[in-house]
Structure formats: C-alpha cells, structure tokens
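Asks: Keeping the supplied structure of chain A fixed, place chain B upon it in accordance with the hints.
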Amino acid sequence: MPIKELIAQTGSVETIISYKCLNKPLPVVLKELSIKSNANIVFSDSKFKSKKTITINANNEKLGDILKVILDPYRLTIEIIEGVIVVVNAKNEEIFKEYILNGVIRDKTTGELLPYASVFLDDKSQGIYSNEKGFYAFKLKRGTYKVMFSYCGYDLDSLNFFIKRDSSINISLNPSTINLEEIIVQEDLNKTSYRYGEDFYSKEKIYKASSLLGESDVMRSIITSAGVTSGADGFGGLSVRGGNNDQNFVLYDGVPVQNTGHAFGLISIFSSSVIKDARLIKSAFPARYGGRLSSYLDVKTRDGNNTKFGGEVGISTIASHVTIEGPIAKDKASFLFSYRRTFADPTIKSVSEYINQTNGSEGTTSYYFQDFNGKISFDISKKNQLSLSFYKGVDDFNTSSIAKKTSSKINYVDQNDNNFKWGNNLISFHWNAQIGKNQYSKLILFQSNWNNNFFKFRRNAIDSLSEINDIYTADLKASEIKVRGVKWDYDLQLKPSNIIRLGVGYNQNSSSIKYKNLSNLNNPPIYPEVIDKSSLLALATPYIYSTNEVYGYLEEELSSGKNLVFNIGIHTSIYKFDSTYLPSIQPRMSLALNGDYTWFNISGSLMRQYQQSLSENGLGFPSDLWVNASRFIKPADGYNFSTQFGFLMGKNASLNFGGFYKLMNNIISIGEGRNLVIEPNTAWQKDIPFGKGKAYGAEVTFKSETKLLNFELNFTYSKSTRQFEDLNNALEYLYKFDRKYMSNAIVGVKIGHKLDLIFTGTYQEGAKVTFPSGGIIVAKQPGGSVIYPLYTSKNNYTFKDYIRLDVAFNFVSKSKAGTHRVFAGVYNVLNRKNPIYLQLDRNTFNLNTYEANQVSILPLLPAISYSLTF
Amino acid sequence: MNKRIYILLSILTLFLMACEERLIIDTIDQEADKLFVECEISTSRRIEASLYTIGNFNQLNKLSYPQDAVLRLVGTGDNDYPFIYDSEKKIYYVDSIRHMATANHEYNLIAYLKGKEDNKLESERIQIPNAQNLSVSKPSHKLSKTANGLNKMNLSFQASAPAEINNEKLFYRIIMYRKLYENAIYTGKNELLNFEGNSEIPLAFTPSADGSVLFDPSRFKNNTFTLNFSTNSFKAGEKIETVYYALETVTEDTYRYLVVKEKQAYASQNGISDPVINYTNMVNGYGFIGGSSKAVDSLVIK
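Line order of the protein sequences matches chains A and B. Oh and the first sequence: position 367 is 367 in the working numbering, straight run, nothing missing. Oh and the second sequence: position 207 is 207 in the working numbering, straight run, nothing missing.
Keep in mind the hints are simulated off the structure, nothing from the lab. Just so it is clear, the structure is predicted and the values come from calculations on it, not from any experiment. Think of the CB as a built atom: it goes at the ideal place given N, C-alpha and C, for glycine as much as any other residue. Treat each hint with caution, since some may be false.
To be verified - Pair by pair, the computed Cβ-Cβ distance ranges are: (1) B:N270 / A:I355: 49 to 55 Å; (2) B:K189 / A:S510: 21 to 27 Å; (3) A:K409 / B:N284: 42 to 48 Å; (4) B:N284 / A:S512: 49 to 55 Å; (5) B:V283 / A:L709: 54 to 60 Å; (6) A:I462 / B:L192: 37 to 43 Å; (7) A:Y412 / B:D68: 43 to 49 Å; (8) A:T580 / B:D86: 53 to 59 Å.
Just chain A, with the same shape it has in the complex (with noise of 0.2 Å):
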C-alpha cells in the first residue's frame, strides 16, 4: 500500500524502512522504530496519554513519513534537534487548519471527466459527488486519509496519503469489463453511486437493456424503471410517477429536447455510441432544476478520445451508424462525430409499390430518420474546459397513392398525399471553470429547435356523362419551437459537508404556428396539381407568439459523511408574457439517512411548468403541440413529496421501498368535442381547458447480484386521476397512463466472460382510453336525426394488460481490431397483440354492424446488431 507524503526531508528521518505492527502503544512502535531505523527518537511518555494504539504497515518508506503519520492523531510531530529526533507537541494552528484536496476524475482510457463521480473517505465520514464535469473538492484537516474513487462501470479506485498543505490530485479511473454489473449492481445496492431520486443508466447498462430492432437505446431502458410507463412499445411518450408526457424536461447535454422520437417515438433520439450516461431524477429535486413538474432526464454525451484515434462502426435491423473521435491537441483538445442512418428506405419503397399495384391504385411510401452528433472538447488549461456539442436530427415519412378506376362509364380518381417531417436542431457551447481551489463555475449558452410539418391532400374526382364532380383538401400543420438560452450555474465547496450552490439563468421561447386548410369546396378553385406542401406553407400566415424567462437557485447541501445528507434549496423565476410579468418561488428539501445496511430518505418539492404539450391523439407524436404560458394559459404548478426506505439483504441483495404523492394544478388538455386549430390574431387558447392531477403511489425494487446472475424486479401500485371543470362533466377520471400495477423484470445471466443473456419482462395493467359505452343516441335536429356515441366517461375502457418478454444475446470480444458487441435477440417473444389504440370498423360484409378492433404495432421482432469500437 503505498504512502505519499508531503512533508519536508530532514536528517536521519530519510532512512528507508519497512515495519509494521498491531495495535500497539505508540511508545513501543517508537520505540521499535527507533531500534529498526538505528535513529535516536527521543519522546517524553508525559506526552502519551492516550489509550489509542496504532496498525501500521509501511513497506520502503522513509521513517520521517512513518512518524508523521503516526504522531499526527496524537497532534504530536518531530523536529530535528541536532540530529536527534525530538518528538514535541504540534502547534494548534497546524492541527486544526483544513486544506483543500481538489481534482478531476477521467475516464483512463479516453481522457474523457467523468460526471458525478463518487469521492469518499473509507470510513464513510466524509463523501462528496464531483460535479458534472468530474470536479471534486474536499476540505481536509492535516492528516492521513484513504479516499476511495468510484464510478459506475468503472473500477473502484483508491488513494492513501497524507495532507499537511493544498493539494490537487487527478484521478483516472479504468473502465471496467468483465466484473462490470457486478461493480454497477453493488454500486446500486451500497448507494454510493447516486443521489436519492435519481436512476442512473451508465452506457453498458444502456447497451445491455431491451432494444427494439437492435437500437440500443436510453428510453427503453428508463421505462424498466419503477414508476415509470409509456403508452404501448413506448408509443405516447414517457409518465413518471402518473405525470403527464410534457412534465419530463429532457436534456441533451444541457440543452432542452421537445421530442425524442425517431419512428413517431419508437426509437429515440440519442444515439447509445455517442451517450455517456443518463440519469432520470423523479423525485428530491434539488433546486438547480425546474420548468417541468414531473421529472429530469439528464442525458450526456461524451468527450472524444483525447489521446488517440478510435470509433465505432455498428449495424442493426434498421440503422446503421458511424462514430469517429480522437485528439486535435493530444490531451487538450479532441473531437467526437456520429452519424446514423435508417437503410429501409429502398425496401419499405419496393414493398410499397407492391402493395399498392395489389390493391390497383399506383403510389409508394418512404421513410428514414438520420442524425448527426458532433462535439469539440477543448482543455484550454488545466482549470478551463470549452466545448461545443451539436445535434441534427430528421425524420421524413411520405405516402403517395392514387387510384384510378372505371365503371360503367364513369370515372373515379382518389388521391392520398401525405407528409410528415420532423426533427431537432441542438446546439450549445459550455465553458467549464475551476476558480481557486474549492469552486466550479459552469456557463452554457444553448439553442434548441423544434421543427414538425404535417401535410395531408386528399381528392376524390368523379368523371361521368352526367356528373364531373371534384373535391379535394390539403391540411397543413407545422410548427417551429426556439429555445435559446444561457445558463450559469456556480459550485462553492465550503467544507466537505458543505456544498453551496447558485446559478442563473434565461430563456427565450420563441414559437411559430401555421395551421391552413385549403379546399375546393370554400376556397376560390386552385388547380389541385399545384397544391403541395410548399405552397400551404407560402399561404399560411403564422401564429407567432415569445416569452422570456429568467430563473435563478440557491441550495445547500450538508452532509455528514455519506450518512446524512441534506439538500435544502429554493428555485425562482420571473416568466413574461406581452407586457405580463409571472413570478415563482419553488421550494425543494431533501433528506437522505444512508447507514451500512439500510436507508431512508424524504423529499418535498414545489415545481412550476410555462411550456405545456396539447395531444390531438393522445399517442405522444411529434404533432403535439407546444403551449406556452399566456393570457389564457396559467402556468403549471406540481407539488411533489416521497419517501423510501431500503436494506441490503446479505452483500448481494437490496430490498427498497418507496412513497409518491403529486398534486398537479392549472394542467391542461384539448377540449371535448374540439380539435386544434390555430390561427394568427385569434385568442385560440380560451378554449382549452386547464384542471389539475392527482397521482400517488407505492414502488417495491428487489435487486441482486451474483457474479453469475443479475436480476432487478420493481413492482409500482398506483394511481393517477385528472379533473378538469370542462371535461367529463367536472368529475375525477384516471388519466390515460393510471396504471394500478406495473412490474418489470430484469434476469442478465452471464455465461462466461463474453456472454451475457438477458430476459426483459413487463407485465402492467393496460392504458386508459375513452370508447363508447355501447350506445348511439339518435336525436332528433331541425334538419334531421343526428347520431352521437354514447360516451359515459372519459377513460372508461381499460386495455387489457400489457405483458411482453424479451430476450437478448449481447456478446463482446476483443481483438486486434478493437471490441466486438454483437446483439441477438427477439423482441415480444410471446407476439401478444399490445393494443395500441382502439377504433371503430365496420364489418365488413355486413355494413349495418360495427365491431372494435385493436390495433397493435410491434409483434415478436427478432433482430440482430453488430457494432466494432476501435
């Protein structure tokens, strides 16, 4: 166990000895190293009256660091008289003063900071987290320590020494391989790895979860979480503890994400070869967050390597991807660059066209997403890091089909033309900072877009001796989304028990809506061939609207070793609207009791939300519309508490139990009998509707770890409630995503060093949805009868449950060329029919009848990826 030692060279105390003893009295171990080094130590034993022994062990280590790392708890230390060495009192203000022990944590391998990273004493006195840059700072008293390094999928690392001045250590940590789940599971179970509230999803436990088509990916791990659903296959968007998909606030290395979905939200965004780690907070929000009531998902991605060239090349069922990274200035500056890219597009066009021939009608049907992601890390000192993280995403769906037929004379003509196109444009420029010794400063300027346009043309033409009749529409909705902003947040360690932290921070939302419908029937004619996407956007006048908010938080955070941890903070901002000034005060505490064996913690939270989604469909699609706080829409308030509790059952087991209860205010939703359309100099947002939300519930999470086998099970009893004055006639109903049970599992086995075999299991009870209770009413109206559904109560119908098993190889082996993953496995293996939605059919050889069919979207899918990183 090496010791390093700051203390000056004097005389004989650089003989070089190697002793060790046993809970001895310190003047018995002085005395033996006086004989073992031949050194003349001269102690008065008036000055031992302490009972404490001492355990030693030094192997080559000079005797003037032995002594002082013995004598230092007695507040004794030497000096060289003569050549002798004279054991005296140390003097008080060398005792008590308290040094500062700063530095960063890297990934060995990349040069990369690790974020969050766990830095503690062995004994658990003292524990801190570095920040999101991998900085740490502690306040030490002059003294020996043993700090351990922690990090998930990463090697324990640790460090004795002795402090007697300010002192800065980087730490470098090597990622870790075959015990990986083990260190990350132990991790979870010991609590050291994370704060209370927070999931946290490290790249190979990213790698390892369910996937769909081998897409690895972020979102289908979080919905494995306790508390947390989507609608059907991760269709609808992401509820946390019974919230709404719009309470999420999703960032993207800092920068706030609209949508994260490719394929209308089956696959997300976020590329795994370019993420980091993601950490989901539902709960203890410290206050450096706000603008969502629901929850966090903090998603990073990493640094290009800075000390040499390397990449990723991958391809699964429907994508393939290329990462490239390396140093611009050898562990100063490095570069990161991913591009990914459905390849379906010739086959979906084929089977398109296919299809369509079948069915006598010509057309054909394309899609593909693509996104790029790039980041610039620059080291511009030892204290000062710049970087510049970009993200382009898109997504493009077109449908074309027109069918043309005769019969008995008479000629039809039917066209469908749709497209829909969507997609995030990201990009910020951080500047991270260490001032002086024990602060952090960090400052962000971001800028997000949001672009979605959708576009629907319909014709139906009849040619006949008698009759030319020619009816066509075209739908236009697009929308764009700007957020621009700066953000500064500043860390001051005062003491290792005592984190003060303060930021500000504005934003400046900018929103443009066009809605235009064009028609034969109520417009002045225009030829239908030149009606196209283009020309809707060319006549639709848009709806502009902006606000601006600025926000700032104080909180504090003391500890008392990685026992108690107390997070107290409050959040505040000033939202303005026209000429309309809201402000907000949000409270936040939190309180974490960790002991060796069991934990509890609670928290409290008020939240406040200006930017609110409104679903014409419900299904969480990229069509949703953004709202912004107004003059008819208040800003949403949540009031968050919950509890947990949990121990370790053996070295390799947890049991964890947890509370939740939320109260939403001022939420909103698309009115009944309404859809949305938006026109500019109209006050279009009086008729939505706002209420409030109730969601509470109860999380059992059982987790264990063997070297051979992981399991996780979580298990959520819940229940989520809405009650709006204008919807379902004033009276509470369950919300579309209440779920009274959901469960997940997770069984990774691991077969060897290389193979690992994963079972996935979800069993929950269905979603919510609005059908008809089995009635038509037919009234009677001046110019007729008139049929409307019976609808008893909104959300009255529940799917049947959900239950999908999935099963996963993922095998990785090196070699020369670098480390081969290689994912098999089959998605829904049992191919239960999911029910997406629901809709009404009629039958089709008996056209007076009706029948509910459900439709579901993913059966068993097997799938297969390959990806080499080198």
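Replies: Chain B only, in chain A's frame:
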C-alpha cells in the same frame, strides 16, 4: 427481384398479421335497449320530454322514438303527473292545465316502455330553482366595425349573480336582445344580441346556436364577471338606450347537460375530435331532468 419481394412480403405479412385483432368489448352493448330522456322543466313553459331508445353499434336500423312509453313526473307530495304523447312533434308533455312547474317544487321522472315496467328508467330528484336577477354595474358601449365593414354597437356590462343558495349551486342561461324601432316607433321586432365572449375565463360561458349563453358565476371571483354583447349592425343615427335580457336560473343538471349538447353540436361539425362525455342524472338509462326559472329585466345604457 420479384422473388426477393415475395420473400420479404411473406415475412412482413407474417409479422403484421399479428398487429390487429377483433376485440369483444364487454361494455359495447351493455346500454342497448335502455331509454334516453331529455326533460327540462321550466316555470314558464309546458313540461315536455323527448324520449329515445338507445341503440347499439350493430342495431342502427332498430333505433326508434318510442310512442308507447309510460312517462310519469312525480312531484312534491308524490303527486303524479302523467305525460301525453304528441305524435306530430314526437314528444311527450304534461297538460299545462293540469300542472305547471313552480319554483322550489321537487320532481323526479320515471319512464318505461309498455310491458317493460321492470326495466324502467328513473331520475334523481331535482328541485326547480328560484329565478334570480343580475346585479349590473359599469355598463358601457362603443361602436366598432363588423367583418363586412358595417357598424355595430358593442355593449359591455359588469354583472354578478348568486352562485349558490342553500348549498345548491346555481347556473344561468341568458338571452339578451334589443327592441327595434323605426321612426321612434317599436316595430314589434326584437334583435338578439351576439355574445362576444369573456376574456377572463372564456370557458365559463357556453354560447348556444339559439343565441342563449350558459354560464357558471362561481368560476369568477365574487361571482362577478363581464358580459359582452354586440348588435348585428348599427345604422347611422340609431340610438340604443335600453337592452333586455331573459335570465333563466338553471339547475346544475340542466347546465351540465346543455353544455354537453353544445359540445356535441360543435364536434359534429369538426370532424375528428376528442370524444364528448355525456351527462346523465338517470338511473338505468341516460339523459337528464333539470329545472329552470326565468326572469326578464332590462338594462339602461348610459
């Protein structure tokens, strides 16, 4: 190429045939053959009720307006007022000579098809509210242009109305009109004024196609709100000194039911939209029975 497509299609078909299945939903026909009734009892009108059978999805052609049903209105003191069927208007009514509703009177409604008394629909018991008046202050008016470039007069009133009496919530339906004059002589014609919305809590007001406006005063602080109306047009030299209103105090059942009907009417004109949830205060069937009392008053424009 064709072979490749054939194989691909076969695989896709294999996968996608699993994506849709017919579903037997146990709620889908549970309300079939029950009755649906609409009955608003007003102190100023003959008591009438519309009755329908509820169909199910697979019996659209069997829907009917039953003519041989028995409807009874049970009033205070268990007085029983039978309905008579008007085959021309296809409605049921209570002979107004025999009974007219009065405020504070309590009623419930029973309906069943002849021979099916064991399958009868029965309502909750409701009480006819007392007519209330608006307290109006700060009336104001100003001229503006219509979309066609014509002049119109905008009228604005700050008003309040009681939101609750004896723990019973009160709701209202208002119709505002002006009398039309020619050469200072009343023509005998009235013009309904157009409701121009409310900028504080827009959804607290529900305009109807017949020109009336339903509203809930409890959604406003101190039950005080602003009413904005306008004329269709306003000729040069025309004056407006008095406007008139008919204010019906309605029960919560009436309010909720009529709001739902307006939503349904709007939805039927607007294609795909979120479903409108029906309101009912019936047992073993659907529909509503509600009460209202009307008061007529006038406002002097400054």
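Asks: Run every hint past the structure and note whether it holds.
Replies: Here is what the structure says about each hint:
1. B:N270 / A:I355: 49 to 55 Å: Given a distance of about 32 Å, which is not inside 49 to 55 Å, the answer is violated.
2. B:K189 / A:S510: 21 to 27 Å: Taking Cβ atoms as reference, K189 (chain B) and S510 (chain A) lie about 51 Å apart, which means the hint is violated.
3. A:K409 / B:N284: 42 to 48 Å: 56 Å, violated
4. B:N284 / A:S512: 49 to 55 Å: 53 Å, holds
5. B:V283 / A:L709: 54 to 60 Å: Since V283 (chain B) and L709 (chain A) have Cβ atoms about 57 Å apart, the given range 54 to 60 Å holds.
6. A:I462 / B:L192: 37 to 43 Å: Hint holds: Cβ distance 41 Å, inside 37 to 43 Å.
7. A:Y412 / B:D68: 43 to 49 Å: Taking Cβ atoms as reference, Y412 (chain A) and D68 (chain B) lie about 46 Å apart, which means the hint holds.
8. A:T580 / B:D86: 53 to 59 Å: Cβ of T580 (chain A) to Cβ of D86 (chain B): about 55 Å, so the range 53 to 59 Å holds.
Against the hints set out earlier in the document, violations occur for numbers 1, 2, 3.
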